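Enquirer: Below, each chain spelled out in residue letters.
There are 2 protein chains.
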Amino acid sequence: MTSTVQSPDTVPDALREQVHGAARRARTAAGDLALATRAEKDAALHAMADALVTRTPEILAANAEDVDAARESGMTEALVDRLNLTAERVASVADGLRSVAGLADPAGEVVRGSVLPNGVQLHQVRVPLGVVGIVYEGRPNVTVDAAGLTLKSGNATLLRGSSSAERSNTALVTILRETLAAQGLPADSVQLLPCHDRASVTHLITARGLVDIVIPRGGAGLIQAVVQQATVPAIETGVGNCHVFVDASADLDMALRLLVNSKARRPSVCNAAETFLVHRDVAAEFVPKAVSALAEAGVTVHGDGPVQQLGGPGVVAATEGDWDTEYLALDIAGRVVDSFGDALEHIADHGSGHTEAIVTSDVRSARLFTSRVDAAAVMVNASTAFTDGGEFGMGAEIGISTQKLHARGPMGLTELTSTKWVAHGDGQVRGGS
Amino acid sequence: MTSTVQSPDTVPDALREQVHGAARRARTAAGDLALATRAEKDAALHAMADALVTRTPEILAANAEDVDAARESGMTEALVDRLNLTAERVASVADGLRSVAGLADPAGEVVRGSVLPNGVQLHQVRVPLGVVGIVYEGRPNVTVDAAGLTLKSGNATLLRGSSSAERSNTALVTILRETLAAQGLPADSVQLLPCHDRASVTHLITARGLVDIVIPRGGAGLIQAVVQQATVPAIETGVGNCHVFVDASADLDMALRLLVNSKARRPSVCNAAETFLVHRDVAAEFVPKAVSALAEAGVTVHGDGPVQQLGGPGVVAATEGDWDTEYLALDIAGRVVDSFGDALEHIADHGSGHTEAIVTSDVRSARLFTSRVDAAAVMVNASTAFTDGGEFGMGAEIGISTQKLHARGPMGLTELTSTKWVAHGDGQVRGGS
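In order, the protein sequences belong to chains Z and C.
Just so we're aligned, residue 1 is where the first sequence starts under the UniProt record's numbering, counting upward by one.
Just so we're aligned, residue 1 is where the second sequence starts under the UniProt record's numbering, counting upward by one.
Hints were generated in silico from the structure; no laboratory data involved.
If you're wondering where the values come from, they're calculated on a predicted model, not measured in any experiment.
Check before you lean on any hint, since a few could be wrong.
Residues on chain C that point at chain Z, a partial pick, calculated with CB under 8 Å [to be verified]:
| # | residue |
| --- | --- |
| 1 | R82 |
| 2 | N84 |
| 3 | V120 |
| 4 | L256 |
| 5 | S383 |
| 6 | D426 |
Label-pair distances were calculated between CB atoms; the ranges are [said to hold, decoys possible]:
| # | chain 1 | residue 1 | chain 2 | residue 2 | range |
| --- | --- | --- | --- | --- | --- |
| 7 | Z | R266 | C | D362 | 35 to 43 Å |
| 8 | C | E345 | Z | R112 | 27 to 35 Å |
| 9 | Z | G427 | C | D426 | 56 to 64 Å |
| 10 | Z | L116 | C | L252 | 22 to 30 Å |
Stretches of chain C that chain Z covers, calculated by requiring three or more beta carbons in the stretch to come under 8 Å of a beta carbon on chain Z [to be verified]:
| # | segment |
| --- | --- |
| 11 | 161–167 |
| 12 | 174–188 |
We treat Cβ as the ideally placed atom computed from N, Cα and C, and that holds for glycine.
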């Protein structure tokens, strides 16, 4: 029985088959990739970097079409800028691949080992996860970064980028795949999934048994949608409602420096501070200085009653919603708290488990804050901006996990691996019952 | 507005509120528990063990009611036996708590640490996960085991046992909670959830933000249902379609010993072998011996054509379904494979990622099998029965993870923790942009 018209039901099924077919090819590729040596993977990373540079005109031509289409569709210039590639940006992405080649290979590391009482030799070794799905928005550089990190850690990857970057991503992935094949590694280690239909995300994140992990990278909406619908294990990343708490004993000059750096260094990233809390004992002295230093950095303060009173007319009245807002912009909420305990409670109620900082001179406050606050990273007298794979010495990161399972905080190459127990015996059987 | 009749909609809402209320109390308890010292937790574990022994009559009386009700409802004697408690079983469960007290406390362990170039001191420390939900069937001893392991690792636990064990579980949890309170630890560290409605499982596994992890313990159906529906991160445990592959170079006497032990030592557990694969070069010699040794142990072989031919009339014809069946009984599937590669392919197609064993004398086969097979545990010349937290030296286990995220293989105390990055600085800010 044939038909020239597809029924509505066969259209999603065809897409499902397309995504799952890619996943099956990725599994096969992952099996081969897991056996590749570090030297082979590093050579491929360098070749990929070289190919990106050599074939830059091809990438820029594809990107120009994406940019034109985006402008025509009325995309804001800020978003167009995220989409836009230049020769410099391509060169920088290629350099990223070369740095990843320089990092240690996490696969094969022996995590634990022992000889059991019966003589069986037991090792727990790091192994690649297998097939890693990545769902992301906007920037085409993520395509290359993600491909590099997953390849180095021995994983095959299924990339589901945004439709606005389709031509750019296709050009990039074509170059990466051709280079992989030329290097004798499976081209299907890196695959781009269809991006015009939300259903391709759904098929990816429910391909249980075919895909080992899915990592959403993007705004809170994307992350929540993926985490809620996924049956494949998913890592929640990158939502950062981070606080800076200025304790009663804080060095207020230090507090000012840390607050401004935490907020204004790069307000669009997830480790930027979104609320400051000030102990009432130092509020009268600190708040006016803070509001003025923040204003100088272009930051608008959304304050509670006391902050408005102390901070002057530049302070906007905070609403309840402000305590839960990740501005990712030159805005910050501010509140005076009556006690250390109230600060902890505010953070427990409103924090997203990313990064929380205290400024204090009191060793007991520091100790209590680090043990009581439940977050991926807790800073004492240091900027929230340090929560970053590069800053933490991991060399690179694929995202920052704000959940507690598998990985918490910046995810580098090690966090893209699982483990396997390997036992060598000479015929040992287990007794007892 | 009041009403004496609950609308159908308010009934599930009331249950939801009951489960989520318990989860909120558990979160508060977890906050306090995370600050408890090892000495305090160990003292509580010993006190709990003593209380269980002292109050055994109360436990047995409740258990007798469960057992009577189960028999009345027509439960099989095998299941009634799993439900049944005796003074000896209670004593053994109490001893389990004492052994857990003797294990090292995973919380507080420094996993990694360094001083960053800017002088910030960075530590990655183990912390409790927080609130651990456990959904389990049958045996009331799981109630105490799970409470002990979660308490020791600093976690609060929400236990959702089977309705058939409700009276036993209630008696046990009452004793544990009263003891915790007497020891100055929060009683809400251990809570039993309503067990008469499947919806209580649903409310537990979708309580995202309130519950940090859910671990299903039971049959494949329960595990799949939890994993598919959960929005709380869930760990897939305990489904074991384990293979023993007898390579062409195998010492056949060793292979026989390992096969019988892997299958028949305790057929109802997840590390028991469910299929054997024999290389065709040794099939003629091995299969008849294997079938006869297995028959002696009471095991029925479900064989493919060659196994039926070589094994004689005692062999039952295998169907396609047999390769995917976790018998958990005195049955095993058997197949002759043409090559090492075919064995790998069979395992990749049908294995559940639990434990896979090879019997071989060839070092290349051993190396290829351990690197190619994708499972939590890979055994070379050792019984599949060794995949067990106790055997691996973890002291105890809460389950065996067959997934790749967070924990793979036996889950001991360490696997019940997450990590937190703690940074101490003296005012460092981040430069660059």
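Enquirer: Tell me the numbers of any earlier hints that the structure contravenes, in ascending order.
Expert: 1, 2, 4, 7, 11, 12
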